[in-house]
Amino acid sequence: MLRLAPYAEFARKAFAREATYRIEVFTEIASLILRVYLLRSLWTALYAQNVTPFNLPLHAMITYATVALLMSLVLEVDGTRVIRQKIREGSIATDLMKPISLPAYFFSDGVGQTGLHALLVIPSVLFALLLVHIDVPSPDVLAAFAFSFLLGYLVNFFLNFLMNTIAFWTLETFAIQLIVRWVSDLLSGQIIPLTFFPGILGRVVFALPFAAIYSTPLLIYVGIIRPAEYGHYFTVQAAWLSFFGLLSAFMWRAASTRVVVQGG
Amino acid sequence: MPIIQTRDLCKSFRSVRRQSGAGGALRTLFSRQYDEKMAVRNVNMSLEPGELVGYIGPNGAGKSTTIKMLTGILVPTSGSIEVAGIVPYQRRKENARNIGVVFGQRSQLYWDLPLIESFELLRAIYAVPATRYRRNLDDFIARLEMAEFLRTPVRQLSLGQRMRGDFAAAMLHDPQIVYLDEPTIGLDVVAKEAIRDFVSTINAERGTTIILTTHDLADVERLSKRIVLIDRGTIIYDGPIERIKEQYGTHRTLVVTFSEPQRELSLPEAELIENEANIARFRFDRTLVRADALIREAAERYPLLDVSIEEPDLETIIRRIYVEGYQEPSSKAPREVPT
Chain A
8 MLRLAPYAEF ARKAFAREAT YRIEVFTEIA SLILRVYLLR SLWTALYAQN
58 VTPFNLPLHA MITYATVALL MSLVLEVDGT RVIRQKIREG SIATDLMKPI
108 SLPAYFFSDG VGQTGLHALL VIPSVLFALL LVHIDVPSPD VLAAFAFSFL
158 LGYLVNFFLN FLMNTIAFWT LETFAIQLIV RWVSDLLSGQ IIPLTFFPGI
208 LGRVVFALPF AAIYSTPLLI YVGIIRPAEY GHYFTVQAAW LSFFGLLSAF
258 MWRAASTRVV VQGG
Chain B
2 MPIIQTRDLC KSFRSVRRQS GAGGALRTLF SRQYDEKMAV RNVNMSLEPG
52 ELVGYIGPNG AGKSTTIKML TGILVPTSGS IEVAGIVPYQ RRKENARNIG
102 VVFGQRSQLY WDLPLIESFE LLRAIYAVPA TRYRRNLDDF IARLEMAEFL
152 RTPVRQLSLG QRMRGDFAAA MLHDPQIVYL DEPTIGLDVV AKEAIRDFVS
202 TINAERGTTI ILTTHDLADV ERLSKRIVLI DRGTIIYDGP IERIKEQYGT
252 HRTLVVTFSE PQRELSLPEA ELIENEANIA RFRFDRTLVR ADALIREAAE
302 RYPLLDVSIE EPDLETIIRR IYVEGYQEPS SKAPREVPT
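Here the protein sequences line up with chains A and B, keeping their order. Numbering-wise (my numbering), the first sequence opens with residue 8 and increments by one. Numbering-wise (my numbering), the second sequence opens with residue 2 and increments by one.
It should be emphasised that the hints constitute simulated quantities derived from the structure, not laboratory data. For glycine and all other residues, C-beta sits at the position ideal for the given N, C-alpha and C. Don't take every hint at face value.
As the list claims (entries may be wrong) - Coverage of chain B stretches by chain A, computed from C-beta distances (three or more under 8 Å per stretch; other residues unrestricted):
| no. | segment |
| --- | --- |
| 1 | 64–75 |
| 2 | 102–112 |
To be verified - Some chain A residues judged to face chain B by a derived CB distance under 7 Å, without partners named:
| no. | residue |
| --- | --- |
| 3 | Ala-12 |
| 4 | Glu-16 |
| 5 | Lys-20 |
| 6 | Arg-24 |
| 7 | Thr-27 |
| 8 | Ala-100 |
| 9 | Thr-101 |
| 10 | Leu-103 |
| 11 | Pro-106 |
| 12 | Ile-107 |
| 13 | Val-267 |
Can you build the whole structure from these sequences, using the hints too?
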């Protein structure tokens, strides 16, 4: 049986820890507002020069881009980078000497960090509204979006977890993470809606796991994914989630065996 | 019944054999050859509840490897361990409830948060009942004088303050067994003494079993009666400190100050080891010659101003054992000295 009290406490401490870096918090909001402004200008210019895609008019596109940026406040938190740090410093050994489940610890620590950044969404939205207009869908669609976002968050969490666990073998994961980050930025629908990818390329990007992170919740939000299709998309997200979850469990097993046998 | 028991404990590590040069580095990348290194070899150790044992050895002797196996984060290659009735590596989490660990080189406190927050976290981790937590915390705050920096973020604490915090953190859940790994490293004399006092009281009042690894033999002399010496993975001595002191500490140094420098010096049964300005040092074996006889002899031969006798310290003795190896006294074999 997992006692929850310590993990709730881990999450609280992670939240408090993130909050100690006040300047970072403020710059994060400022940089977000700047990016909202840049993307608005970019899409406005692109739409003026090209034929408007039939299902995504300019105001929907700007909504898409802004909501994507707000989501990134939460999704760009690499909640499990502590794994990598702890492996490099060797402090993972002291954690193993505690009566806790380490994956559960990393998860709750990540949730705590995410919690603080999620709070930043509120002031960010207020500032963003000064620059752009954001469409707000019906409560049903919003609820579906929230659910899909949660699934996307978890897929993203395990993807990060997997990459950070590689550090058990390599100590350093910077290059791998950079590559995955670039690929995922482009193919997750964070910057460009995946519906803009033509033909076969479009089918490929929708089949990749990155689509489960940004694209699905965003397309639900702007209404391109219609309520009738929710079930299908949720299933795909859940499938990716189980896949990465299981892979993470497997990797963790291998990693901890390696630590206890080879001494980290 | 012993609380800690290891039998023929062995641990070997496999490491990639590196080949030299750029070509060699490339070869290392693709074809792997491994070296086996025995870090711990047939270690038999047995501790009774409430014992405080100094675990001593040079760097790389296998001290940390042993401690890691005792804490359950490292699986032995062969042999058995039992700590408070539990095989640590099989039931890591259960074992973790019984133990406390302090590393001098590595803090387990939350770096960015006030010290007190780390204590609260540990309370949640070990599910320490509120009254016991309060009692222990108050006790530690008083003994370790932590009141003034309880609310300071750990990263702003001095090393001495941080170590005191780490000690409190390790003891909050009343562990039966505590492993201390170089706990006084880098501390000033006052802080060292405070830490030693604390360890000694915890051991005496709570009956906590303690294994202390350190390079500072003053820690060991002050705190424990028994030491275990390990060298190159093998235990070379396990027994009372007094015994090796008697056995190896038969040499004394006679320090003589003359009224003027002496060119030619000699004393019966004593070896001149230093003669500089007007001070000379003689080494002698107290089983062969008595100090007072030696002093009388010196007084007859030379104009003396001052005489003193230096006893060997534990450090000198242990250095000698590392170099020469430990020889059992012919009469009675000490307990558990595997060869």
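Status of each hint after checking the structure:
1. 64–75: Check passed, 6 qualifying residues.
2. 102–112: holds (count 5)
3. Ala-12: 5 Å, holds
4. Glu-16: 4 Å, holds
5. Lys-20: This interface hint holds because 6 Å falls under the 7 Å limit.
6. Arg-24: 5 Å, holds
7. Thr-27: 5 Å, holds
8. Ala-100: The hint holds - A/Ala-100 has a Cβ within 7 Å of chain B, the shortest such distance being about 6 Å.
9. Thr-101: 5 Å, holds
10. Leu-103: Hint on A/Leu-103: holds, closest Cβ of chain B at ~4 Å, below 7 Å.
11. Pro-106: 4 Å, holds
12. Ile-107: Holds, because the Cβ-Cβ distance from A/Ile-107 to chain B comes to roughly 6 Å (cut-off 7 Å).
13. Val-267: 5 Å, holds
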